[in-house]
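Protein chains in written order, with the numbering used here: chain A, 1 to 358; chain B, 1001 to 1277; chain C, 2001 to 2154; chain D, 3001 to 3319; chain E, 4001 to 4652.
These are calculated hints, taken from the structure and not from any lab test.
Keep in mind that the hints are not guaranteed to be accurate.
Said to hold, decoys possible - Derived pair list, reagent style SDA-like, types lysine to any residue, alpha-carbon separation capped at 25 Å:
1. D:Lys3201 x A:Ser64
2. A:Lys66 x B:Leu1031
3. E:Lys4582 x A:Glu143
4. E:Lys4582 x B:Ser1088
5. E:Lys4105 x C:Gln2128
6. D:Lys3113 x D:Glu3136
7. B:Lys1004 x A:Phe233
8. E:Lys4582 x A:Glu235
9. D:Lys3201 x C:Ala2102
10. D:Lys3046 x A:Gln281
11. D:Lys3110 x A:Glu143
12. A:Lys141 x D:Val3132
13. D:Lys3113 x A:Gln281
14. D:Lys3110 x A:Ser34
15. B:Lys1239 x A:Ser287
16. B:Lys1239 x A:Gln281
17. A:Lys141 x D:Gly3116
18. D:Lys3067 x A:Ser64
19. B:Lys1090 x E:Tyr4089
20. E:Lys4507 x D:Val3132
21. D:Lys3067 x A:Phe233
22. A:Lys202 x D:Gly3116
23. C:Lys2007 x E:Glu4108
Just so it is clear, the structure is predicted and the values come from calculations on it, not from any experiment.
Spelled out, the chains give:
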Amino acid sequence: MELVKYLKSADLKSWLQELARENRVFAPRNEGDSVIFAPFDPEQEIAIVHPATLPPKKTVFPQSEKLVDFTYSKDPENLSRIMIDGKEVLPEGTAVVFGGRPCDVRGFTMFDRVYLAEKSTDIYYQARRENTTFITLACEKPETTCFCHWVDSGPTDATGSDVLATVVDGGYVLEALSDKGSKLLTSTLLENGESRKDEARKAHEKAAELLQDAPDLSGAPKKVLQVFDTMEFWEEAAAKCLSCGACAYLCPSCYCFNITDETIGMKGTRIRSWDNCMSAQFTMEASGHNPRPTKAHRLRNRVGHKFSYYPDIHDGVISCCGCGRCIKSCPVGTDIREIVLQAIEYEPAVGEEQADEQ
Amino acid sequence: MNNKNLYLPEMATINEVIEETANIMTFRVILNNPDAMENFSFEPGQVGQLSSFGTGEATFVINSPPTRKEYLQFSVMRAGEVTSKLHSLKPGDQVGVRAPLGNYFPYEDMKGKDILFIGGGIGMAPLRTLLLYMLDNRKDYGKITLLYGARSPVDMAFNYEVSSWLERDDLETHLTIDAEFEGWPHTVGLIPNVLLDIAPSPENCVAVTCGPPIMIKFTLQALEKLGFTDEQIVTTLEKRMKCGVGLCGRCNIGTSYVCMDGPVFTYAQLKELPNEL
Amino acid sequence: MPVLKGKELRIVGFLCNWCSYGGADTAGVGRFNQPTDLRIIRVPCSGRIDPLFVVKALMNGADGVLVSGCHPRDCHYAEGNFYARRRLEIMQRFLPVLGYEAERFEYTWVSASEGQRWQQVVASFTDQIHKLGPAPKIIGPQAADTLNQMAAAL
Amino acid sequence: MKFQEELKDSIRKALPDLDVVLGWCGSFDPLHATPHFIRREEDIDKLEISPLSVHNLATYLPGLRGKKVGIVVKGCDSRSVVELLQENLINREDITIFGFPCTGVVDQAKIKKALGHAGNVRTCDISDSAIVIQTEDKAHSLTLTQMLADKCRTCRYPDAIISDYFVGDKIGEPAPLETDYAALEAFESLSVPERFGYWLKELDRCIRCYACRSACPLCVCRDHCAAESRDPHWLSQENNVRDKVMFQVIHAYHMAGRCTECGECQRACPVDIPVLMLKQKMNREIRDIFQYEAGVDPEATPPLLSFNMEEENITEKEW
Amino acid sequence: MKIGVFVCHCGSNIEATVDTAAVAAASREFPDVVFATDTMYTCSEPGQDEIVAAIKEHNLGGVVVASCTPRMHEQTFRRTVERAGLNRYLFEMANIREHVSWIGKDRESNTNKSVDLVRMATEKLMRNRPLYSKKFDINKRVLVIGGGVAGIQAALDCADGGLEVVMVEKAPTIGGKMAKLDKTFPTVDCSSCILGPRMVDVAQHPNITLYAYSEIEEINGYVGNFEIKVKKKATYVDWDSCTGCGICMEKCPSKKATDTFNEGIGKTTAINIPFPQAIPKKAKIDPDFCTKIQKGKCGVCAKLCPSGCINYEMQDEFVTEKVGAIVTATGFDLFDWSIYGEYGAGRYPDVITSLQYERMLSASGPTGGHIKRPSDGKEPKNVVFIQCVGSRDKSVGRPYCSGFCCMYTAKQAILTKDHLPDSQSYVFYMDIRAIGKLYDEFTRRAMEEYDTKYIRGRVSMIYPQGDRLLVRGADTLMGAQVEVDADLVVLAVGAEAAAGAGELAEKLRISYDSYGFYMEGHPKLKPVETNTAGVYLAGACQGPKDIPSSVGQGSAAAAKVLGLFSKDQLESDPQVSVVDIKRCIGCGKCIQTCPFGAIKEMEFRGMAKADVIETICQGCGICTSTCPQGAVQLQHFTDNQILSEVNALCRF
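Only chain A is shown next, with the shape it has when bound in the complex (with noise of 0.2 Å):
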């Protein structure tokens, strides 16, 4: 399975070409000012000077998706006896996402143990996460905002990627890292990489240098639920939070979402599409009662599923993946390393613990 090959920089946008020939090839470029994930287009410049603003998440799991279409039909004798037909819609076809960031693939793995689990599994979602291979660009200079290294993984952590791509002088150093990112390594076009292998592990050691120290996170998960009932801790977390949706649907672990049903005349679908749990509607019951009624109440569970409900479940794995895209990408800069930092270090007034006890 160690394998090792060198691809040419200029030959980059061939290699991809080639790949799009099987499989539905999607790779990062300039939108506006923003780089997102689009099928690849030869016409276009792959943007890959830095991450992202959004991850390759629609490419497992897309903001919104069919999952059943229905059909009404009649009997024509008896126009009363309607009958109704339901078909899943799956996803077909193989697909290649090429130039997501570690931080941004990892994000899979959150999904894959909720979505892939033996009870319930997601037979959308496996289709295309089964299908799909990432090639996955080691990161070689963190940004403010990144903290991939707080939450157990690194600029070069390709824990859910088959390839991993390593930006050397002239070109990409390309290591298969499973049995499908093995298969897709067959183009003439790669040279065989071992002699640049000691080039990419320099460029690995040199983006961890870069990192600064990581705080001990391990007590998280007991600490965020020690504050649980604080609310004065949440409300003053919350109190620039606007409530819209931007952290969750920019989040490569964020894997919450909505049903709702759409018609026309006698067919419909179906369809599942990205919800967030900062919005007031996600909890709402129709009878007006909502358990999570404020901005507090639902960054509270925002903070406490990725740092303490999913990893007392799930193996002490926090569900975040540090790419830092909530914080970056906030419109009002609400930082959850802050959050979770504060949650840690928070003291009970004297008294307070006490009463809790009570």
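Put chains B, C, D and E on the given structure of chain A with help from the hints.
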């Protein structure tokens, strides 16, 4: 991993519609696939997603007992878009069913014990499943007491059955309404107060309760006052759900997903969870 | 099915119940021949017409939208058409920035007795839309045509 | 800034009677500021006013209704406050307004573009003319005026329109009424299919986070926005650009005659969609028809909530 | 919802150009449609029976009829479905006659369009909800605004019918314009002789409360339950104790007050009773001319008043009255003719209005019934009447005919001859409009028996010549210029809406035309109703009218009120707006724009919310299109219903 589609409902036909109250209707549905109907099995307390295609899905407890299998019964209180649409359906109309989902009442553990049912309004629906199951297996259980309250007589669902329950001598039934109503022969008073009046003994007894949040809150207090321990109290929760299979992310209370780990919880379990009902 | 290919374009009308719907009735009673493209939605008052209905219709595939209410000061509800005038005017001026010709949408006033005027309005609006041709389509079978047209333009 | 200490003194004076004062402070890196909620005396020291104070804090006011709130406003922010007052969405007696002479705030998108992949930002020094940003590997010196937000380039209200405390010297008379809609006019000169195609392309990347709405100080529907509602059911949750465009039209129309062009919608957009242009278009038409500008007069009525029997600038079609 | 579709042939009216069977067949493919058929005449008895039968047989939850306009038969079919046990609002119509078959001949297009309209109707119907009227109690009192002859008639009819009546008159006396007339056409009987007793009836009727010299300040509420704030203007005389003896008027030293009742012919005292038959016969002080009030000196009336009712400090007073219905009888005013430069624009004292002339003719008028030239008090010989002054003249914005000027001019010409047998009357006219019983005969009498010279043409100029006036005009019948030496010129001034009509309409929330005349509910079928429930019109406030028409409308309005009050409770129209309290954020934009004041702010769990008063809401839906989040929805025309219609028509 299994390859079952979590989101594809079984197509079903409404067989019977019962208007329970002004805003509660009961639907008896039969799965269109006879094999699926034949093999359908569930436990009392489990829920199902009932859908009207084009409008959406909502979660309801299957309130027919598992011992009676000719149909699946759901009682629906009109509140939002889906429930309004369901209320407009008639026998013969098509619906989708994703069931059973969630956990169920620990009826095995309750064997040999006295059972106290406390139901408020539409909260009677999940209790009905268990009650009928126990009545069908009457000898396995001790004394069964039912306290069922509604705002007024016209808000009382399952009226047609309540009269037969009143007649049974192996079931002690107490009915109550919130305020005086002409011709009402039963108790008047709020459920927690009536409960304190009846004062059932906690000795070897399990209390099963369901109802609106405010009623539950005071009923739990009353039960504590009567000496029930947290482990002796069982309740079933309701949350907004979409997927029903622990993925969509809205019905969790901390680490527990009401759709998967619930909806049935003992009071002791609930106390372990963060306070976010 | 909704439009007869080649013959008709899709034109939606929103008419107030008291004046313009009556005016269209009067035109009918007078047997004043009109093009068949227009389909009329009856609303109580032009003030009920959220200008967003106009945009919704265009985005869903209408080629033209016509709103008609009572003449100013004749509103059955006294003020509805005064509000409507401001709101619809704004929307008409806004449409071009979205890439719709302002002429795809017109609003006017026709009283219940003005059957002839209604005929004139329908004929001339339908003609106006036919001159503009089909509106760009965002979704549906014709969306591809639009996209090609866009690509050519950009 | 010169008057920052003076401002802190004013806040210190007013804080005992207030539940919270809204200002700005440093954020996750030296290049960014973030809204700052001053509740306690010690929070005051963190207050920083600079060209990084981009956020329109008026957005928070309706959510804090019922509380005694102090708010630090730029001139443009104060227009949102005026508009909220005009629409009775906040009570004047609950609000204490701190104004200062604003010389403009930056557009982070412009800085981002100028820096490229900057990596870690170590320091950021802003003088009257330049922003000097020190990253891991180099120092970038940017001309401040080039980095200013577009709205600041055409600003006519540098001083808060209303305030209870005003620190520093007022910049003075507003420039002439003519707002610069050059970009909009250039866009309007494109062909019809070009304009149509532009929005399809730009909005295609919309992720429907609705930050544009959430950041808007005058989006009053808050938790009841038509975007997610099924009754009324204006939009589906399908990932189609039609509904994304439709949402922007709904937003622009609901803002017609109310929008002060603070630009928060566009600033908040995580994928940089130029959604402000739609509101500018509405505004320019409102100005042309009604000679009306939102957020200037607390006593005025938004033009779409009123009417004249004779409309001077509306010429109806002759048939 | 199981839907049944009935496509009507309307004989051949529809069937000739629409393939109704094909429309029915296409309808069967629509969602929820379980039954569709075409019928010859759906509105006929067998047609309706078929609907009823189908509802029962197919267990229908809603019905669509594709036939004529809903303005014709919506009510009919609503009753039909109701007969079969359905709620009347679970019904929709597709208009395939007026909007399809009658306006196009292409059968294919028409059929296709009809299918679209039926699809649209079914999509809407699927979202219709049963709506129920609410009953509410009514206050069986009626407010009559205006005490002219129309108001008097309405008030007396209502009072005689057993209703309590509140009459508000802005002048110090009731009687209106008719009280100023000397005689009436075509019978030439004495105006005050016929009106006087009716005025007295008003004063004496136990069921009538009269507020003279009062105005409507504010109107709140809705049909059945209006609350009226009346402003009683200060009279400076305590009317409760004033006996109308007139001593004050005799002794008042200030004799230069404007004599409004006499149309400014002559002057009156600062404290005065307008005329001897005034109702109420009470004195009032014109403060502008009272020396005591202006300068603090005098006080003669106070000293002399036997009942001590003078109070110079009196202030306006407000009273509130609760009523269930309102009759508006505010009459008209005369056109201000001074705009006409060719008639001297008011510079010539001997050019007067017809109503001034009327006062001059009246025996109780300022000249004691003698015709005298205002300039020198001499009897005129040649009297020239000019018609259509401020009528049928677009140039002054009065394109309408005032209706009664032709008749009163003829009457005044006749009376002139009666008073001054040697006089000669000339009438310049455009057309003679004498439509009415005995009217034409009457004008002929003026010409033939009274030798009035009728000249068809307009007067181009009046100018003084010595102490006479030269009236120059065209005789279009002769095709020649004519000049008449006139001693007195009487202008037949047209009617215009009463001053303040617009403001009152705003308070009443009724609409008015561009001239200020109030809009009736329907020009033919609802001549005295307005579009605001419970508000009726009588007399010239709706448009110029002569006395018989005004009286007729007064009675008609009274009949409407009595009919309305024949029930103890009213039913509200359920097509009203409803607020979804969960979605409402209390911004108040709907309150701001509701033309009827039907939305109030209320408090719900400490938050402001909008609340629709069902009985006031008229169902226009402005609120619904104003509310950004759609929290207030007009029932039967909700956003989702209209969106479903849009979606039915525009399916990509």
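*Going straight from one Cα to the other, do Lys4582 of chain E and Ser1088 of chain B come out at no more than 25 Å?*
Roughly 23 Å between the alpha carbons, so the hint for Lys4582 of chain E and Ser1088 of chain B holds.
*asked:* Lys141 of chain A and Val3132 of chain D were given as a pair; does the straight-line alpha-carbon distance stay at or below 25 Å?
replied: Holds: Lys141 of chain A and Val3132 of chain D sit about 21 Å apart, inside 25 Å.
*Is it true that the CA of Lys4105 of chain E sits at most 25 Å from the CA of Gln2128 of chain C?*
Judged against 25 Å, a Cα distance of about 21 Å means the pair holds.
*Hey, Lys3113 of chain D versus Gln281 of chain A, does the alpha-carbon distance stay inside 25 Å?*
violated (36 Å)
*Can the restraint linking Lys141 of chain A and Gly3116 of chain D be considered satisfied, given a maximum Cα separation of 25 Å?*
holds (13 Å)
*Holds or violated: are the alpha carbons of Lys1239 of chain B and Ser287 of chain A at most 25 Å from each other?*
holds (11 Å)
*Lys3110 of chain D and Glu143 of chain A: Cα distance at most 25 Å?*
With Cα atoms ~17 Å apart, Lys3110 of chain D and Glu143 of chain A stay inside 25 Å; holds.
_Restraint status (C-alpha distance of Lys4582 of chain E to Glu235 of chain A at most 25 Å)_ = It holds: about 23 Å lies between the C-alpha atoms, which stays within 25 Å.
*Please work out if Lys2007 of chain C and Glu4108 of chain E have their alpha carbons no farther apart than 25 Å.*
Distance of about 11 Å is within 25 Å: holds.
*asked:* Need the status of pair Lys1239 of chain B, Gln281 of chain A: alpha-carbon distance at most 25 Å?
replied: Since the Cα atoms of Lys1239 of chain B and Gln281 of chain A sit roughly 13 Å apart, the hinted pair holds (cutoff 25 Å).
*Is the hinted pair Lys3067 of chain D and Phe233 of chain A satisfied, with a Cα-Cα distance of at most 25 Å?*
Answer holds: Lys3067 of chain D to Phe233 of chain A is near 18 Å, not above 25 Å.
*Taking 25 Å as the top limit, are the C-alpha atoms of Lys4507 of chain E and Val3132 of chain D close enough?*
violated (65 Å)
Going through the hint list in order, the structure does not satisfy hints 3, 7, 10, 13, 18, 20.
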